[in-house]
Amino acid sequence: MTKRAGEAFQFATASYLVRIGNQAASSLLDLQKGLADCTDASIFYHTFQSLGRHHFLTEGFSNDFAQWVLSACNRPVLAERMASIDIRDYVSLADLRHDLRKIVEEYCHGNAATASQAAFEEFFFCETVEEKVPLGKEAWTLEQFRNGLKDLAHGSLQFHFITSRLRLQLRTNDFSQWLSMELGLKDLARKVDQIDIYTVTLDRARETILRLLEGELGQ
Amino acid sequence: MIGTQAPPRLIRLDDYESLIGAIEIAELRTLANRLQGRSIQMVNSTAVGGGVAEILNRMVPLMQELGIKVRWDVITGGEDFFAVTKAFHNALHGEAYQLSDDSFTTFLANTEQNRSRLCFDCDFTMIHDPQPVALIDARPNGRGHWTWRCHIDLSRPNQKVWNFLAPFVDRFDSAIFSSPAFARRLPVPQYLFFPSIDPLSEKNRELEPSLVSETLARFDIDPQRPIVTQISRFDRLKDPIGVVRAYQIVKRYADCQLVLAGGGASDDPEGDAVLAEVREAAGKDPDIHILELPPTSAPEINALQRASTIVLQKSLREGFGLTVTEALWKKKPVVASAVGGIPSQVIHKHTGMLAHSIEGAAYQIRFLLSNPAIAQKLGENGHEHVREHFLITGDVRRHLTLFLHFLRPA
Numbered sequence: 020m021t022k023r024a025g026e027a028f029q030f031a032t033a034s035y036l037v038r039i040g041n042q043a044a045s046s047l048l049d050l051q052k053g054l055a056d057c058t059d060a061s062i063f064y065h066t067f068q069s070l071g072r073h074h075f076l077t078e079g080f081s082n083d084f085a086q087w088v089l090s091a092c093n094r095p096v097l098a099e100r101m102a103s104i105d106i107r108d109y110v111s112l113a114d115l116r117h118d119l120r121k122i123v124e125e126y127c128h129g130n131a132a133t134a135s136q137a138a139f140e141e142f143f144f145c146e147t148v149e150e151k152v153p154l155g156k157e158a159w160t161l162e163q164f165r166n167g168l169k170d171l172a173h174g175s176l177q178f179h180f181i182t183s184r185l186r187l188q189l190r191t192n193d194f195s196q197w198l199s200m201e202l203g204l205k206d207l208a209r210k211v212d213q214i215d216i217y218t219v220t221l222d223r224a225r226e227t228i229l230r231l232l233e234g235e236l237g238q
Numbered sequence: 006m007i008g009t010q011a012p013p014r015l016i017r018l019d020d021y022e023s024l025i026g027a028i029e030i031a032e033l034r035t036l037a038n039r040l041q042g043r044s045i046q047m048v049n050s051t052a053v054g055g056g057v058a059e060i061l062n063r064m065v066p067l068m069q070e071l072g073i074k075v076r077w078d079v080i081t082g083g084e085d086f087f088a089v090t091k092a093f094h095n096a097l098h099g100e101a102y103q104l105s106d107d108s109f110t111t112f113l114a115n116t117e118q119n120r121s122r123l124c125f126d127c128d129f130t131m132i133h134d135p136q137p138v139a140l141i142d143a144r145p146n147g148r149g150h151w152t153w154r155c156h157i158d159l160s161r162p163n164q165k166v167w168n169f170l171a172p173f174v175d176r177f178d179s180a181i182f183s184s185p186a187f188a189r190r191l192p193v194p195q196y197l198f199f200p201s202i203d204p205l206s207e208k209n210r211e212l213e214p215s216l217v218s219e220t221l222a223r224f225d226i227d228p229q230r231p232i233v234t235q236i237s238r239f240d241r242l243k244d245p246i247g248v249v250r251a252y253q254i255v256k257r258y259a260d261c262q263l264v265l266a267g268g269g270a271s272d273d274p275e276g277d278a279v280l281a282e283v284r285e286a287a288g289k290d291p292d293i294h295i296l297e298l299p300p301t302s303a304p305e306i307n308a309l310q311r312a313s314t315i316v317l318q319k320s321l322r323e324g325f326g327l328t329v330t331e332a333l334w335k336k337k338p339v340v341a342s343a344v345g346g347i348p349s350q351v352i353h354k355h356t357g358m359l360a361h362s363i364e365g366a367a368y369q370i371r372f373l374l375s376n377p378a379i380a381q382k383l384g385e386n387g388h389e390h391v392r393e394h395f396l397i398t399g400d401v402r403r404h405l406t407l408f409l410h411f412l413r414p415a
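Order-wise, the sequence lines are chains C and G. Numbered according to my numbering, the first sequence spans residues 20 to 238. Numbered according to my numbering, the second sequence spans residues 6 to 415.
Calculated directly from the structure, the hints in this document are not laboratory data. Treat the hints with care, as some may be off.
Below, computed lysine-lysine pairings styled on DSBU-like, alpha-carbon distance capped at 30 Å [stated by the list, open to error]: (1) G:K256 <-> C:K169; (2) C:K169 <-> C:K156; (3) C:K151 <-> G:K74; (4) C:K205 <-> C:K151; (5) G:K382 <-> C:K169; (6) C:K156 <-> G:K382.
Between the sequences and the hints, there should be enough to build the whole structure, so can you do that?
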């Protein structure tokens, strides 16, 4: 018999605006200061959001900060360290900011001469403004969930699969949370959460989830 | 049979389905449904010609098809007014300009005429560019949400002109810029809206391979050897001489051709001089094709971009280079200068290659000619980048999102 959830999964989409901040960095020292002063929404935009915006890049793109350090400052070692930060390890922007700051501070401390060198182009701190819109679709069973997932656009996938981590304050995503808590499918939830969002596109992630769901439904 | 052509078919939202997917279109409809009953007014200074009119000509019908009440008003003015606004435009890009009292008077008098002629009763009003900016005076008792969308680069404006315009801008609820680099410090929220291209337009739609071949044949370009192309008007800021120099470096290592194609220089006295310099720099090299194209050359530009092995945009200063977006959409590997809005389009080593010098540009071209698999991957990534961020449908979505954001309780 098909298990019915105690609470339905509510499919939503999110649409994003980018707000331009008043901060810019033209050197690594500026970046260091900016990372200390910018808003949480800005940290979110340049990390979590950036990954979603560039989901189609599956080789080596991690966040805006690392990309700028590489392309505008030509500092591959620092860029690599910043790129190695995995947002899935963070449930708070304060922690993420702390680690980004620490990496840049350490580099600037050890490389004083290059830290103040002018970058080829400025880095502009921006912020995300998220508009969540319920799609009016819900799933009570695994089958309904699978059908709903098929019809999600990138904005919805990004909302449920990437940015949800911060909302949940857990190291997981909306889908896994619901599968585990409502349907008791802990192993399936874990497999969904293991999908590497740094190396697959959102469409590939969806295909993988659908394959996992089909497998579960076929059992 | 009478020799008339059928009128061009009206492009519908569903025509974009094959490009962005039915799901994305369905989401546009979901967002639009929440704006039913709301009214939107777009105001700019021209109905045809120029990038803003091009965007509105496509965006307004798409929004209307989504069931939203959208009105597009174009301000009117005499030659004196548009002479002033043209001077403003150049000054806002940083050119020297002596603002006279007459300029103020002309600008404000014309605004007053348009204010009495137009009706401002919509929920959302979007004023495009500086020409109609003073219409903020017509806002009825602070009603509605007013946004100023600035399509030009304000990073280094003539201070006198900006000081005149800024008090108007400050009274809007928000402002929109095409790149963070173009924004000013304003007391109102500023949003980033990338300029968009229409993938179904003559300049961007898919072409039959035979059309591409015919175009190459017409311009005597060899389809069998690599083609490096820069599409831009003959303007020093586009660095056409730098393009020739970069090609000449590459030519030592690779048997390629250079196509420099751009609009005619007849209305720009400096354009003639630049074109002459380019011809001189090119010398007698038969593999350098310098093409002066008339304004009606969208299909030719489309074909040249599609035929290119690499597309170059070696500008010294650039707004948001739409030619870069066009090339990325056509899956072309792009080598471009890291100036203006270009780094938003060309993510270095992901959607193209950035360069900071002639030698750097030459190196990146050589690298891509020698590594076609990498070039192909960059082109594919670039295409996806455009699909996600720089298409007209995405621009519509950003507008809907902004209006929804305004409706959210504070």
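Evaluated hints:
1. As the CA atoms of K256 of chain G and K169 of chain C are separated by approximately 50 Å, the hinted pair breaks the 30 Å bound.
2. Restraint check: the Cα-Cα separation between K169 of chain C and K156 of chain C comes to about 12 Å, which is no more than 30 Å; the hinted pair holds.
3. The straight-line distance between the Cα atoms of K151 of chain C and K74 of chain G is roughly 23 Å, inside the 30 Å bound, and the hint therefore holds.
4. Taken as a hint, the K205 of chain C and K151 of chain C pair is honoured in the structure, with Cα atoms around 27 Å apart against an allowance of 30 Å.
5. Our distance criterion of 30 Å between C-alpha atoms is met by K382 of chain G and K169 of chain C, whose separation comes to about 27 Å.
6. For the given pair, K156 of chain C sits about 37 Å from K382 of chain G by alpha-carbon distance, which is inconsistent with the 30 Å threshold.
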